[in-house]
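The listed protein sequences derive, respectively, from chains V and L.
Last residue of the first sequence: 1318 in my numbering, with the numbers rising by one and none dropped.
Last residue of the second sequence: 327 in my numbering, with the numbers rising by one and none dropped.
There may be inaccurate statements among the hints.
Interface residues of chain V toward chain L, partial, derived using beta-carbon atoms under 8 Å [unchecked claim]: (1) 1163; (2) 1164; (3) 1168.
Now the in silico label distances, taken between C-beta atoms and shown as ranges [unchecked claim]: (4) V:1256 <-> L:134: 51 to 57 Å; (5) V:1214 <-> L:83: 48 to 54 Å; (6) V:1053 <-> L:123: 33 to 39 Å; (7) V:1311 <-> L:196: 38 to 44 Å; (8) V:1053 <-> L:81: 41 to 47 Å; (9) V:1256 <-> L:43: 37 to 43 Å; (10) V:1052 <-> L:134: 30 to 36 Å; (11) V:1199 <-> L:87: 47 to 53 Å; (12) L:81 <-> V:1065: 52 to 58 Å; (13) V:1063 <-> L:143: 31 to 37 Å; (14) L:143 <-> V:1192: 41 to 47 Å.
Derived by calculation from the structure, the hints in this document are not laboratory data.
Predicted model, so just to flag it, every value in this text is computed and none were measured.
Beta carbons: idealized from backbone N, C-alpha and C, even for Gly.
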Amino acid sequence: MRGLREVVTYELETALRSRRLLLTLGLVLLIAFSVTHCGLNVVVDVQASARGALTDQGLPAEANDVLATAFRAQVITALGESLGLEEGALRPVITRSYVLPILLFFAQVFLPFLVFLVAFDLFSGDLSRGSLRYSLVRTSRRTLVAGKVLATSVTLGAALALGYAGLLVMSARRLGEPTLSDGPALVLMGVVLIASTLPWVALCAVTSTLVRQPLAAMVSVFALYVVMRVLSASWLWDGALGRIFPLGWNALLWKKGLAPVLVAIFVYAAFACVFVWVAEQVLRRREL
Amino acid sequence: MSAPPVALQAVTKRYGRHEALRGVTLNVERGSLLGLIGPNGAGKTTTFGVLCGWLRADGGSASLLGVPPAAMERLRGRVGVMPQDSHFPPALPIVRQLQHFARLQGLPRDTAEREAERVLHEVGLWESRTKKGSELSHGMLKRAALAQALLGQPELLLLDEPTNGLDPEHRRRVLDLLVSLRGKATVVVSSHLLGDLEEICTHVAILVGGVVQATGRTEELTRAGRRMRVRVDPGQTLPMETLHRRFGADNLRYHGGLVEVTRSEDDDAKDAFAALLRVLLDGGVDIQDAQRGVSLEEVFLSATQAGGGLTGAS
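Chain L extracted, bound-state conformation (with noise of 0.2 Å):
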């Protein structure tokens, strides 16, 4: 049996007094595409370093499809890693900086060429390629970063932060990029952008702390509430004796325009809420909205108030 592209094993690692991580513990499916989420400080720069070697865990192993990070020369061109907050050398333009970075991979020149031509246009950035690594904004750094780490189109990716401080459009791009990635490489992404985790992301964990609260499929962190909401037009007249009899009068709520139902334990997710679609949908009702479960947002929120409420789906 392959090794797990990333294994994390009671791993700890202190600052000083404060402890950055606690014991995480985190192995990620082959393919999979793993949000890793959490407060400012929960962890989440720390574990990437630690998972490169940039930095030393004090206690528990990490590994990167079977290697250890001390070794991480052994892996080159089979991981990619996007860095927080590094910048380009200052001197070299970045298509040159990038053709550096493939032939480091160990890919032939030409190889390299045109593996930074394909990035670069991938991330926005081949009318930008001349310019040298001091000239870069902020979000051209980023992009830039990205680009590198998708040199050789590497099987495991390790991205921090990488919609951080992008425009509208280029964030748009980065995620439809790591969309497509998806089934092809495994993806490691950190972000505070819940949203856009929720929309791509296949897994999620959840670290607070320097502990992991939850971790599973998004899809089933998310949907693992009882919770269901419409929203219709709140002029609208709803079938509310109908709906009564199907969720009980207790666990329906409407106000201004949003309807809540909370289903029973006993009750089929699925079947409760094709039930309350048929019913709204039956009675004429507009339907603009409808949410199954909760956001991702309210299960970290969960995750984070109650600091290990919620325990892990696989």
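Chain V on its own, in the form it takes in the complex (with noise of 0.2 Å):
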């Protein structure tokens, strides 16, 4: 694809230089680093009347670990039955950390709203404008979807990288956990976060070339998201990631390795693609 380089470079210049896309980051990062703060010190306070009751009532050390892992248990129960995951999916992680169930949770259910947020007028801004006629003269319309989408999920891998390897430090700082033991699986499982995002943007894509005005992109992305949660929440990527990993793909990252998490990718990956083939058509099709 001819140019695709310049395109995304460009792109990438844009979104530094674009205050509305800085502040969306950074206010979504400290909400989620003030949520998570708050997160933990309850749970610290949790942890430590449960370990002055057990000293009040003379019970040894080793009584506070089981309920720990008691109380972690059904915190995670929960935390699965309220993704949909079959019982049990999670229970591989029911003796590790605290922080990973947390993060899958913050995946699934927040990280299309941070990717709506700013991909929303991928090309809805450029539509109301005019100003993708410029480019059109010079490149072609896979080249631009494929540039722009790129771009984008470049932007927002690293500000994601940025805040969750932020969440992780504020963890162990403050929780103990998680240790250096969690260490591979934590990278495994970021690598899977970012990749999450790029058929969510390439959704984006598609519902800005339909859209012309920024603000009807957004609600249409929006829409589109309840509608597939609520009326099809094992469509698309999940469901395909889903029928894969029977047993809750997510939960399997840290025990299986990489190749989870490399098929994972590669379905993002091809649904990202045929999203771009979408926006690409409805591009050449639309009117100008």
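Dock the two chains into a complex; use the hints.
Next up, the structure:
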């Protein structure tokens, strides 16, 4: 695709100069850090009071660990149920960090919203300004769509990596976990988190090529999300991954290593490619 | 034989019930500067849209340098287009925007930077190069849009209303720029400013109601009329007897310093005009201005009122 590198470079430069984008990302990271901070404080307080109660009753220190594990199991099972995972899907993580299932929850529920806030007007802004015409006499629609999707994914990926690392450090300092032994699993988790934004970004490309006004594009993509989640939760990539890993594919990440991660990235990329193609076709057929 | 720079064959385009183009056929000669003129709603911008692939024609065919509009990207760098009302993206300075467009055309980085500088100088925007798209005035936006079309010195330029909304100084600069392109590139310009087009265009096409009413060399269209006009000092006495003898009393009008003569059909246009001037000069008349034929505006008005009264000159 001739010109792809130039489109990506230009879009990245535009993103770095976009006050709206930087404000959105900054605000979302701030909220994520604040919520995590509060959540960690609650966990630490609960642990401390449980420990104090056990000591008051003259029970041995091991009882605290048993109780803590039971509490952890309850929290994680509740998270699994809220995500619609089968019972026991998250069992492998019960003896591991709190942070992993919490991040999993964040990824599956909130990440698409972050993507929408950043990418809802991927094309609609250009369509309403008419500035797309300048580019389309010089490069193909496919290059333009692929370039914009890639650049947005890179911007989001960088912000997510930063936020993800920050949250882990915050948790490690406050809660004492995750520990270094969780490192490989956390890295894989991070990679999957970032890759999971790809189809959402590409989906934004589709809706923003269909709708000329940015506000209408935002409403459309949120409506689409609601429809996908409420009416057909197991549709598209979540459904595909669910069929490949019936026990909750995310839970297997730190148990089976690299293979599920690669499969997940492939599935995400495949769906993103399909959406890029659809966006290109829409752009080819619509009048500018 | 190479394909014509611009070719439209029986192109039709509808917006709902409204028929914007009704079988537009137009071929533009290589190296010519063609003015596409027409009243509001005549279909000029729609014609540009169809040519550039921004709008899909409902019928007929169109091509730029032998390539259909749908495959416009194959022509990258060979065609420069200035849309009528498109804005630049708001975030980046215009110099960076232009470098980006030049890079998209396939120019190396250093050439792209030089090209951006050159075109900004050409349109008089170099001093405003650090302004962002959102900070440009209407006139600046127009010139920035023209600048991006000139990047890489394309062999074909399609310019939709390039002088509309410009102050007199920049209008003059743009007109001079277009004149300097004559013979070097094929240029199609649409405009309402007929005086401008008459001055710079080698060819004209008049579009009325989605139909090309007249097309041909500007000179041929404007001189095709049999009328000749000479402006003189109103206080002077004219050699009326000689004028009557040469052109006939019925074909001569003199009022308020304006001499209007209609030559007979068998009278050669060039000879008649030379004879008129000679008679007046020999009679000691001080000539202020002389015009042979009709102005482009008159041709245009005649075409719009007749709705097809004029025929193609080529």
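Okay, the hints, checked on the actual structure:
{"no.": "1", "hint": "1163", "in the structure": "holds (5 Å)"}
{"no.": "2", "hint": "1164", "in the structure": "holds (6 Å)"}
{"no.": "3", "hint": "1168", "in the structure": "holds (4 Å)"}
{"no.": "4", "hint": "V:1256 <-> L:134: 51 to 57 Å", "in the structure": "holds (53 Å)"}
{"no.": "5", "hint": "V:1214 <-> L:83: 48 to 54 Å", "in the structure": "holds (50 Å)"}
{"no.": "6", "hint": "V:1053 <-> L:123: 33 to 39 Å", "in the structure": "holds (35 Å)"}
{"no.": "7", "hint": "V:1311 <-> L:196: 38 to 44 Å", "in the structure": "holds (41 Å)"}
{"no.": "8", "hint": "V:1053 <-> L:81: 41 to 47 Å", "in the structure": "holds (44 Å)"}
{"no.": "9", "hint": "V:1256 <-> L:43: 37 to 43 Å", "in the structure": "violated (56 Å)"}
{"no.": "10", "hint": "V:1052 <-> L:134: 30 to 36 Å", "in the structure": "holds (33 Å)"}
{"no.": "11", "hint": "V:1199 <-> L:87: 47 to 53 Å", "in the structure": "holds (51 Å)"}
{"no.": "12", "hint": "L:81 <-> V:1065: 52 to 58 Å", "in the structure": "holds (54 Å)"}
{"no.": "13", "hint": "V:1063 <-> L:143: 31 to 37 Å", "in the structure": "holds (36 Å)"}
{"no.": "14", "hint": "L:143 <-> V:1192: 41 to 47 Å", "in the structure": "violated (30 Å)"}
Comparing the model with each numbered hint stated earlier shows that hints 9 and 14 do not hold.
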